[in-house]
Amino acid sequence: MRRGRLRSTALVSPALLWWAGLLVLPVGLVLAYSFFQRGTYGGVVYDWTFDNYRRAFDSLYLSVLWFSLRVAVEATVISLLIGYPVALFVATRPARWRTVLLVLIILPFWTSLLIRTYAWVVLLNDQGLINRVLRGSGLVDEPVRLLYNEFAIVIGMVSTYLPLMVLPIYAALERLGPELAEASADLGANAWKRLWTVMVPLTLPGIAAGCIFVFVPTLGNFLIPDLLGGGRRQMVGNLIQGQFLKARDWPFGATLAVSLIAMLLVLVLVQSWLARRGVDGEAASRAV
Amino acid sequence: MKHLKPTRFVALAAITVIAVVVAVVTGSATAKTSGTTLTISNWDAYTPKDLIPKFEKATGIKVKLAKHTTNEDIMGKLEAQNGGGYDIVFVSGPFAESLKKRGWAAKLDPKQIPNRKNLYPAASRLAYDLGNKYSMPYTWGTTGLCWRSDLTKTPTSWNDLLKPSADLKGKTTMLATDRWLMLPALKVLGYSINTVNPAQLQKAAALLKETKKTLLAYDDTTFYSKLVSGEARLVEAWDGWCNYGIGENPKIKFKIPKEGSDVFVDTMVVLEKSKNKEAAHKFLDWVLRADSGKAVTELVLYKTPNAVAMARVRKSLGKQYPNLLIPPKLLLTFETERDLGKAQPLWSRTVSGIVG
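Heads up: the sequence lines are chains A and B, in that order.
FYI, in this note's numbering the residues of the first sequence are 1 to 288.
FYI, in this note's numbering the residues of the second sequence are 1001 to 1356.
What the hints contain is simulated information worked out from the structure, not anything from laboratory work.
For each residue, glycine too, the CB sits at the ideal point set by N, CA and C.
Be a bit skeptical, because a hint or two may be false.
[Stated by the list, open to error] Away from chain B, derived, C-beta distances all over 12 Å, residues of chain A:
#	residue
1	Leu31
2	Ala32
3	Phe35
4	Leu65
5	Leu104
6	Ile106
7	Trp110
8	Leu113
9	Arg145
10	Glu179
11	Leu204
12	Leu227
13	Leu228
14	Gly242
15	Met263
[To be verified] Computed footprint of chain A on chain B; a stretch qualifies when at least three of its residues, placed anywhere within it, have a C-beta under 8 Å from a C-beta of chain A:
#	segment
16	1049–1056
17	1210–1224
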């Protein structure tokens, strides 16, 4: 018994070290910094203060947060609306096609995020491809403003993070298998009803995971709002980046980062509750 | 050696020793720094191509050139390494001031930089570092309006950018970095570009918030390509960067608005933590040589505060890029950016309030 425990400790220790060194320690440092003060010329003065948190509750920063949440929700909903059908399509193909399709979905990740984002600038700008086609075909006289607004930011986010929505939903659908859908069809459920009362509820954990995977990086992204938003709208990621780099105010940047992490933590708790409910539901249905 | 007589051996040994001593004594001036490696960080595409190879050849000092994209970028890197990691960094005036006040900049020894005599006298009267005690100026310039003369009329005032005419709406950009984002409004209102007065900052912010609705984007890096493509017709620009647009389309022009502007100075700072200060001084002195300064202006298209170098710049270049001819006298009627110190959080909140 004792030897078994020793061995299991030895086996998990690399993971524990990884977790302690790359998660607990850095987050702990960020948390600690959030209680210090900025020096007059940058740097950190190690005097305890709660002032940073008082500053963070400024209506200005709350409105930046609100805008970020809106963009993240929009990107997540659109990703879900596109991602679920795509995952369903892939999951219902013959096995040899599935691999090919999955590789195609992951393929964009082989290109740098910067290049993929800049490609949108080339496509969407006033003199860009889309506007030239629109004008060339006589649909519009004046260029349509597609770039440097919320629309462009959301497009950038969706195109970047869509694979992260498709993959967990695909995994859930594949595990589900075709039998339940076939059984409900035999019992007279039409396609819509099959989807809505059988597939969606049973793949809810996959949906929740996909939503988290899209929502979290969208909320903190600062590159896409910078390039596609033209710097005219700030998201909370830009705000944090600006505090660290432009204002050289590490303590306040740390405070904003801690606030963001706290919010995301709540979200992950909701997701894990949903996932657990899914597992319980599966167990319950099996018991029946 | 076996057949050598003892006396001849002694004689040979003595000659060898003398030769070595002579070589060491005469060579020490260059030998001490020769073979050392300097780590230098400059803005990307801001160093003339042959400047460093020539320096390495003449002095035997090796240079490792790192690149940064903005002042903020290199300051962040220094912050993370507690003021170390480089021997020399290129930063703008207020950042040199900040490095000095943090104790990260080394006090320069003027005796080791004889070529500072090439500088305009005015270049040592810049407020961020009076007397060039901690920094040597590399380039300088001003901020103004850069526009497509075939697509819009000649602007005269910052208001042409801040309150654009109907045909320019959605076709203008402003610089994204705090200091220059605020500058046009501060100049129009007649305030100092270094103001820390909350009421003045608020008034400028109110004006800029209205302007934001008319902007295509805030842009620090690609504004000139937006002019070239025609996406933008009038942009706020550093004069040197406007030149990159002029190089591609001669219909692009540059002008300092009637309300005036700033004089920004990009400087070289030796870090206190550098272990190669003597070699670093040699590099500063090398950059201040007349032909180095000439290369900087001809290849990077920025003015340098080096009077001897400017006198040697190809005359035709001034015709193509008229802003290279802006006289130092005019430049120095403008204020230069200072470190904001305690007011930095107020400034960054003000700017967040505009773009947020």
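Hints, one by one, checked against the model:
1. Leu31: Holds, since 18 Å exceeds 12 Å.
2. Ala32: holds (16 Å)
3. Phe35: Consistent with the label, A/Phe35 stays out of reach of chain B, its closest Cβ about 16 Å off (over 12 Å).
4. Leu65: violated (10 Å)
5. Leu104: holds (32 Å)
6. Ile106: holds (30 Å)
7. Trp110: At roughly 25 Å from the nearest Cβ of chain B, A/Trp110 sits farther out than 12 Å, so the non-interface label holds.
8. Leu113: holds (17 Å)
9. Arg145: Incorrect as stated: the minimum Cβ-Cβ distance to chain B is 7 Å, not above 12 Å.
10. Glu179: holds (52 Å)
11. Leu204: holds (36 Å)
12. Leu227: violated (9 Å)
13. Leu228: Violated: least Cβ distance 10 Å, not greater than 12 Å.
14. Gly242: violated (7 Å)
15. Met263: It holds; A/Met263 is separated from chain B by about 18 Å at its closest Cβ, greater than 12 Å.
16. 1049–1056: violated (count 0)
17. 1210–1224: holds (count 6)
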